[in-house]
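Undergrad: So the protein sequences, as listed, match chains A and B.
Take the first sequence: its position 361, counting from 1, is numbered 361 in this note's numbering, and each next residue is one higher.
Take the second sequence: its position 670, counting from 1, is numbered 670 in this note's numbering, and each next residue is one higher.
It is worth saying that the hints were derived from the structure and are not from the lab.
Just so you know, even glycine gets a beta-carbon here, dropped at the ideal spot from N, CA and C.
Hints should not be assumed to be uniformly reliable.
Heads up, simulated DSS-like pairs for lysine-lysine below, C-alpha to C-alpha not over 30 Å straight-line [stated by the list, open to error]:
#1 246(A) - 924(B)
#2 468(A) - 924(B)
#3 378(A) - 146(A)
#4 104(B) - 466(A)
#5 261(A) - 567(B)
#6 246(A) - 567(B)
#7 409(A) - 934(B)
Listed next, the stretches of chain A that the computed footprint assigns to chain B, with coverage defined by at least 3 CB atoms under 8 Å from CB atoms of chain B [to be verified]:
#8 81–88
#9 154–167
#10 225–231
#11 272–280
#12 325–334
#13 399–407
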Amino acid sequence: MKLESLLNETRRRSLQQETRRQFLTKCTTGLGAMFLANQLKASTENQGRPLHASDNPLSALPPHFPGTAKRVIYLHMIGAPSQLELFDYKPDLQRLDGQPCPQSFLEGKNFAFIQGTPNMLGPQFPFQQHGKSGAWVSDRMPHFAKVVDDVSFIKTLQTDQFNHGPAQLMVHSGQARIGYPSIGSWVTWGMGTENSELPGFVVLLSGGRQPRVGKALWGSGFLPSVYQGVQCRSHGDPVLNVANPKGITRDIRRSTLDTLKTLNQQTHDEFGDPETLTRIAQYEMAFRMQMEVPGAMDISKEPAHIHELYGTEPGKESFANNCLLARRLIERDVRFVQLFDWGWDSHGSAMTEALNGGFKDKCRQADQPIAALLSDLKQRGLLEDTLVVWSGEFGRTPMRENRGGREMKMVGRDHNPGAFTAWMAGGGVKPGISYGETDEVGYSPAVNPVPLRDYHATLLHLLGFKHKNLNYPFQGLDQKLTGVKEARVIRELIA
Amino acid sequence: MRFFSQFKSATIILGVAMIGYTASAEIDFARDIQPILNENCIECHGGVKASGNLSFIYEESVINFEGKSGYTVVTPGDLEESEMYFRVTTDDEDDQMPPREDHKALSEEQIKLIKQWIEQGAKWNGHWAFETPSKPSVPTTVFNDQARGPIDRFIFSRLEQEGLKPSPVEEPGRLLRRLSISLTGLPPTIEELDSFESIYKKDRQKALENTVDDLMRRPAFGERWATMWLDLVRYADSGGLGQDQKRTIWAYRDWVVKAFNNDMPFDQFTIKQLAGDLLPQPTIDDLVATACQRNTQTNNEGGTDDEQFRVEAVIDRINTTWQTWGSVTFGCAQCHDHPYDPLRNIEYYRFMDFYNNSADSDLENDEPLLKVPNQTDRYNEAIALRKQALDLKTTLWETGTRLRDTTEWKGLNSISVSSNNSTEYAVTKKQTHAEFHTIGTVETKTHTLIDIPGSEFVGQPLAALKLTVLPHNPLTAVHDSEWGFLVEDLKAWVVNEAGDRFPVHFRLSVPDVAWIPTDPLQVIYPNGGNWGADTRIHHARQLVLVPNSPITFKAGSHLSLHIHCDKTGHGSHPMAIQRGHLAISSDASWTQLEAKGTDTYAQRQELEQTLCQLSSMPGTTVPIMQDRPDSFARPTHVFERGNAMEKGDRVVAGLPATLTKSARASQNPDRLEMAHWWVSENNPLTARVLVNRLWQQLFGVGIVSTLEDFGSSGDKPTHPELLDYLATRFQQDYEWSMKAILREMVLSHAYRQSSRVTPALVEHDPENRLMARAPRLRLTGEMMRDQALAVSGLLSTKLGGPPVHPPLPDGVWQPFASGDKWITPEPGDENRYRRSLYTYIKRSIPFPTFATFDAPSREFCNPRRLISNTPLQALVILNEETFVDSAIKLGEQLESELSDATENPLGQAHRLVTGRQANADRLKELAELFEKIKEESPEHAGTAVAQVLLNLDETLTY
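Just chain B, same shape as in the assembly (with noise of 0.2 Å):
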């Protein structure tokens, strides 16, 4: 279908989009019977519905394969042996295909296809997409001689078939301009282009190639580069859906610019974000890059289910990887196999499966959290202290629990359990212990009392004692987790047989989890952690208490023990305990451990001075990607028909056959080898997607015009072999530099030539896929603004820190959520003049101007911007407040040059805006303005012209 899109509106250049594509001898499966198949026989035999078992999706349900006919359906080299030639040529009506009551026959183009292909052996090859690149050989031109490179050479080769040219190099001030916004997102100042210029006429080369390596090097270049792939992976600074709250992330943001600036390796650059947190040594670094799957959005509203958020959060996760990495719209095997491209609905489950175990779980807090230090240069502290913290806590837990485990513990069987409220406790006796659980309705604020005698102690002290609870359900929950509960305080007390009551306190506390949620460990600290199961319980958890001293029971004395669970899930689901039972034990050990004098004591004393350490460093905090322990790991299943509710069979990490084929991936593979598959040698997708979005990001098309979709109902490249050189020159000449394809894109003659066009041009190419002009691009929302505050000498330069929030029309701020305040700092506050970028993005508030230069708002994965022309877009940059401000400056300075009878002030805010010098004719008219505006109302002027200047069609495009 989209293979017409590069029609675009010539359906006079259909020439054009056939080369390449006329029936040869030799048939190739992709390119002459794939478009057959989907055409007329995938709604029955394909991803959705394979009718009879059959589906021309996969080879192996095709070729030597039995129908449900009872026929082979293609036997290669053998006519008479496949089903699916006579099917096509029969005229009986009951075999024909496709069938007659609503499909036309194949026509005798189509079928002579199909017979050559058959006869010829039936050759099964994947879509090109799917298939390893590799380096083509690069053709010879008549137009070599302008050629400035391979990229050329295939541009122009093309252009050949066509009867077209190449144009001419574009003028110097106008390629200055076209580089410094595409390569820095600024335009360039007089003083840069005074300078280029007069290079440039000595040594045209050698002035771009100084000039490239100059713009890449400076820090605005990741600045610009960030905000493309910010679109991809739906950066924003909110969590979306039903509060919309604050999200401090703004760390990733600035690692996404640095790793530009750095030039970071593309294939490094996915490892982190996609699994930094499971490389051997994670730098903070590596940390913060593994927040590009922490954008995903939370939904906060009152009475909402976290479970189910939690995994549309993974869902987004898996779609949006596919998407940004792939350009495969693997979403669509979310609930049944894909319609059109070789993958499995199961496999949409396995790469689940990657994703499915990390501890956040939709949690207003955002939990888990990675502290990052103001100074970078204590980042290597950060990491240390916190890798210190987590081994000793987990060394601590270790011992803890295998105590545990290898204690006896005597089963409590005649406690009595009641609440402080409302909710009712049963009491049911078990073959080794009674087992408490809740009936009827459970209200919020539930603290769970629970009463034991005396006599379950008698001989035996008090030396530890073990809570498990259960789920209320546990034979469904295991399948389907319940909401869970979170114990926040625990209180107990030896009451005597007079009613005295003693405190109990309680010394230690072994949870059955190191870390989730907060800090399990400081549960019988006022105001410390907490441990429970939140939001979620699966199955049993368990938390052994260990008191002061063990406690002897004198008759008649019993002990009360009061849990806390205050909280509600959404202020609505109370966290109550609603099934669980206690066992005692008198093992001296549970005394011994972590008593002082103990290794573990010393332990524990450094943990508390490591958090300590930590937790004063100054600096902010980012969410993170943080695997739950395995005896945590959450089961993941197969969703029938999609449907989260429906749990089917249970599945493990894996990744789709047909892609791996090529790409080799181990069995039973990981998160962190997910991510090096990505940029594995042989994977077809990643570099010549990547190639692909930063060739979008300069010629404004792709070489692939669907950025979104590479699979075999995306477009076709326009020019395959420049797709593949590109790829394979970036992922194995230059070990994946951005920088140095880049460079080596934009020192192209296609990048350089002039962007005029013809009308004969336009009409053979009126969305120039063929490349014989440059483009001619509107800058974008962050860009427009940008500019205007770089040539009026607004901008600020700081790099990177808290979002910003520069001046909003009236009206638009109304947050939801109240305690969001939109400040706007006074003139004079550089945050007011902030680069586009640092503004803060709330999913449901977009920022007008960004919103109505088609920005969009990230809630999902956006591979591209589709750009309008409107009127409201004229208002912005006439009337807007920051634009207004840039004019007025902008006109101010003119104003002092004209009256200072500096030379051509005119002239040279025209070039500061355009890139170059304005002819007579223009001139004449801008000063005629400022004359007339000056005689009616002085003082407006300047700012009328700069109106006129910020304006310009030349200056809104590059």
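Looking at chain A on its own, in the form it has when it is part of the complex (with noise of 0.2 Å):
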């Protein structure tokens, strides 16, 4: 990091931006004057910080260098589903099913629920090979096998935490502590967004559970709290307050809006406190974000055909709806859209959550949306540059889980830090390839092993991001998305 004696240098640069201190100068105190001065202090000491325009924290920016990816869908499945009921077919596991365990697996390992000497289980459902790739994918995703060829795999993501509330900050903080910005966050604050009316990082959940460490994992930690995601619903008020009180119309709405933005500007006449001027814009924008949000949540004016595509019912919450709805948001250039499915926790400790059980429910309700979402993406040209992402928040043993030391009655798997299966789509990324491979039974990487931190900085690079530069002071750290360790962006999966 680089420190207070720069000041040479920035008396060098105060020259050479004389023309946007003239533009910084016409604005600001308070609020502006704070992201300003960050965003000075980026442009003296680090390239890569952004320079939100002094009213508009949000106001689009281009990133550090062109990115093949404009937006984001990060699909989330909380539980962390199978790789090895899924994507990473393992023929040798069968053979070992049934038998011990060997030490060597067990040793210096931590597991939560597996105890002493757990026995192998082999892969629950058959994997054929599909599309022009071959890659293999298992009968529970029909679906999603039909445009496997538009997607790439990553087989070797590596943890370090092997509980969910962590290891779910692992993902989208790069962090296992709740306090740190999530991706979104990392994102809109480096990009801002295009579309005011609309928020630029925005959550959807498919109702029943929420996760665990709940509005964490769209928070904006250290980074001004404008950049944390807005969870948006697909029934009931879609954002929090968008809807006028009882009886207050629109029309009134606008009325009362009126004087007010009067009476503000008064103040602002005799106060000259350029943060009241942004407050008045900052209230005509709610104002068109009260049209526009309920308009682009309603998926009900959507055709049949689409509803077909993607097994919508509206009024519902579903995954299925938030996939369409994802689109929509997409399609309106909101950058950074967050899905959190829920129930992927096969575990075998009970009827829902086992394999054999709640498992292949999951993989019915997940895979046709998800295949849904990528051809109807790919139809409109907008896969082209949004990035698709699906991931859990770590893998499972090839071990069939013995909690408490007994076999289960339902079949299930415990939870494995040590590799799961991730895959991207779009923005850029090379289709049809899979990176990585894990040793036989899917334990852990045998080739191409990828910490979180080099994934993270893969997807800022797909999005135009330099990660080391995109950091913020907080602590006595220039802290990054990538963490304090050297990340390396995997341009193996760049087109």
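Could you use the hints to bring the two separately framed chains together as a complex?
TA: Here it is in structure tokens:
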């Protein structure tokens, strides 16, 4: 990190930035100034930090270099789907089915639930190769198998957390603790958004259980709170407080805001605080948002063939509805759409959480809408510059879970931070490839392990960011999504 | 780096920042040299990396220090003998520093500074924040007439240098509003405005002084300032992480409010929160204060490792302590020496030792807990009972363990051990006894079934049985603990030759610890306490069981012992006994212990009675700090590269060398001494840090803008002398009174001047660091809500108590753990409209209104809130239920006043929300709106006007 005696450098740059400075000085105290402060600092020290317009912290900005992805849809399957039943085909594991796990797999490992020596568990569903790429996909994902040539797999993702809460935080913020910005926050900070009438970073939940660490998964951490994800809902108020109070019509609201604007303008004339002007603009934006958001979130007017394609039912909270919503939001240039589905924690501890139970239902619910989303984006020409990412928070063990040291009634697998599968599509990703190989039982990487920081660096790279330069000073450190250890962009995944 | 944050948008005001930093004849190391080193050298010769053993962070590795090259780095006064000077000036590519491959050479100016510094004797003074502040002399300025005291003269002196001047005094109504919100978080009422304005006309100073004193006497004062503190100590009503379950800890929040209201001196405030439990005669309040440290997160997700999250909580305590009291980023030293500041990696772990021995261990029940009576007048009674119970337990325990240690035990050799499930035990012969241990997979809910043949008891009746439990791997566990065990029930029978079973009743058990985890003395009672290592085991644990009367075994009979360990650690780990052995004694002393008529019997009776009295007292509980007994102290180790899984050298408690140069500490300090150290006479940080926080709360920006970093990578103070003046005044003259120092701040001209700003001033000083005008601050989310409730007359002024659940938008409350219900009180229930401070704070579901207005979700120490201005905020005040309720209420009042022809109701309402009368233009606008809506939708006219009033820029700022 560079330090205070950059004085001379600053002096030089300050001359270069004459034009920008003239613009800046017309602005602001207060918040505008706060942003400017950080940004100006950024411009003197680190060319990587975004410089938003003083009156709009979400102004659209170019990233560090022209990226291939302009928008992101992140599909997170909360609970961690089993890679061994979906994408990471391990015929050798079948042969070991039922045999005691070798001690070498257990030494020095922490498990959430496995006790002592568990038995190995073969793949629970048949696999086939699909498409030109010949990717292996299990029979649980028949729709997805048809679009698999658009997708690129990472089979060797690694995390260092084996409990859900911390592991989900690792995937979304690069840290296992609450209090760090999520990917969506970094990206929205870095690029702002093109559509000021919708939030730049939208979060959609399938309904049912919320993620354990809740809003921390889309929090802005130490970045200003304006960059946190905004949860939108497919029923009820689509965005909190977006509806007028009972009896207050849009006309009444308009009149109210007109008076408010006039009075606030007078306040600005009298006090000269540029922040007042920003506030006037925010109220106007809020008014437009009240119009725009319900429209964007209403899927009922989509044509029948689209509903059929996604398997959507308007009015419900469902992953399918959220996939369609994601497309609608992306069409409207929302920067980052984050979907959370839940129920993928197939331990075998209950019917709903078992490979021979709830897992099959989850696959049915997710398969069709995911395939629909990819093909729908493609047919609209949006897949080219929209990055779609799918992952859980860790993988699952090739051993069968033996919770409490006993054989369990249902079949399931424990958490495995050592290797898990993610895939990406669109946004400049090289389609139809698979990066990294796990060992013969899918337990650890054999070739090309991918720590989460490399994965994050790659996502940022696709968007046009140098991951090292997208940083923010906090607690004495230039904090990055990729953390302090050296991260590598996985060029092999980029078209 | 952050040095430049004071430039803000103004590279133009380069001059501002440069005051005091231009080269002068006398070289100042911290000012002139350190920046050069930080920029150019410390990447390789710093805290993280010290190539050639040379680190420019520490004096001792620079001055008269012989580097790896064999040359002295810097010899004071001798350029020739200073290798550093040679290296930065030579053209020899092999020797040149910084190396030219990827670094640029120092500038001529920089080299000159280094030369002068060495020639002048290479004096190494530390970073400003690490040197004890001394009282500066107060400057005289051309604006002396306007100055209300030294604060103003420091500020004016800088303004004078900048060619600026202070602003005129704010108009009285707005000034009262500013004071009222600054000090109590609530706006003034119309009556208060009237009264203030009339007194102010006669005697400004008196009006202000009286008002300030009055505001600081109100309970609302503590409620407002508590929020600042609760952000720092990350107070929340839930546990965070995996389950984010409800946590009952509000008694601590109320303690903070009370401490501010009673103006508890900050030294006391500090000592009680860091080590109240170690004070000689701690009161209930002293113990409640230690809950400060129990605001750490716990993780109760199934399958988690308690030790991992216990350690994370300890780490958070270290970092929070240093952030809160020192504004030092000590957390950087967790993995390596601090990169910029002279704080060693090992010193981080020495500090960890202060906290590592607290009894809490990431347990779901948040033990250890303190019973806090509802009525404060029963506090003395409660603490006396608590002390009595603890003393009695200790006495009984000491008597028992003394006997245990003097008893001649006979180890059992011919036991057989099995389990009730698939867990397998084997028995291995040792020298004096046979040891049983598990082999292979251990199942949950394992009962250890032990059979002891009668032959073991030949010639000696069984007077006492001693159970020793060991870790599965005793060698590694001392260093790195294992999952522990927990005995919840224990049953025994004498079985005769015919197989008939006769239950054995144990009269007494003597555990090896008096009070961890719950109540180990009661292990033998059904549904009583339990005994064990919950959740980790380091070394051997012992329990002695005493039967009702000594048991004599007939030939062919044997003893059957069933030990029940049904608990699972987080639904996953069996808390079973993995290794252990048994011994017996026929010593009659055991039969006498606590036998009727003995002292120990009476003590036992008294203990039972005391505990009963305590538990029947109505009250709440709060998690507190309590150290484990010395015999169970956890060893503290350095974590290699910050990784808790890799434990390095063992360390003992200590304070960083750099800081103890000024503020001395003993060789072996305990946590209480550490607490005292923070507020000791020469501590360079604490007073500065606190006055800077108070200043920031009042003025929007700290004198050091980086509230989170006073280290050498943080911002430098804009007014270093003012900072030192305030710090010494606070610590010495006011003896740590927060009210006194706040009073002086708000009575300054700097605070009471107008906040109007001219384009020229915006250009010169956009962030108002120079204070040529008053700040214009946006209310926090909490203040925003409280204000709406206050001006509409809905606000309840009830103080303290359990958290409340005000209206929440539909769909927000979907907690992961479904038991945590949000039940909103109906209209009419005062808990619907309590002050925002009392709102239930769940970390995973932050209250949306506050989160939208930049409140932190309280996972970690939050030194300052970054303020944003967004459309979502507009939607909150326009449409959120509480704000709408307030608007409707305010609107109804307006309508009735308008129809009653009360004098100027719109003007008064405007005054209520902004502190001042609306001018004719504004009144006209409001009246027109009212009339317009009245025509279209009569029942909403009042609400609409009230909504304008509640959303005015002037209403949202102060």
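Undergrad: Now, for every hint given, state plainly whether the structure supports it.
TA: Results for each hint:
1. 246(A) - 924(B): Holds. Residue 246(A) to residue 924(B) sits at ~27 Å (cutoff 30 Å).
2. 468(A) - 924(B): violated, 56 Å
3. 378(A) - 146(A): It holds: about 13 Å lies between the C-alpha atoms, which stays within 30 Å.
4. 104(B) - 466(A): holds, 23 Å
5. 261(A) - 567(B): violated, 63 Å
6. 246(A) - 567(B): violated, 53 Å
7. 409(A) - 934(B): violated, 69 Å
8. 81–88: violated (count 0)
9. 154–167: holds (count 5)
10. 225–231: Result for this restraint: holds, n = 4.
11. 272–280: With 8 residues close enough to chain B, the hint holds.
12. 325–334: Our answer is that it is violated, as 0 residues pass the Cβ test (under 8 Å) against chain B, missing three.
13. 399–407: holds (count 5)
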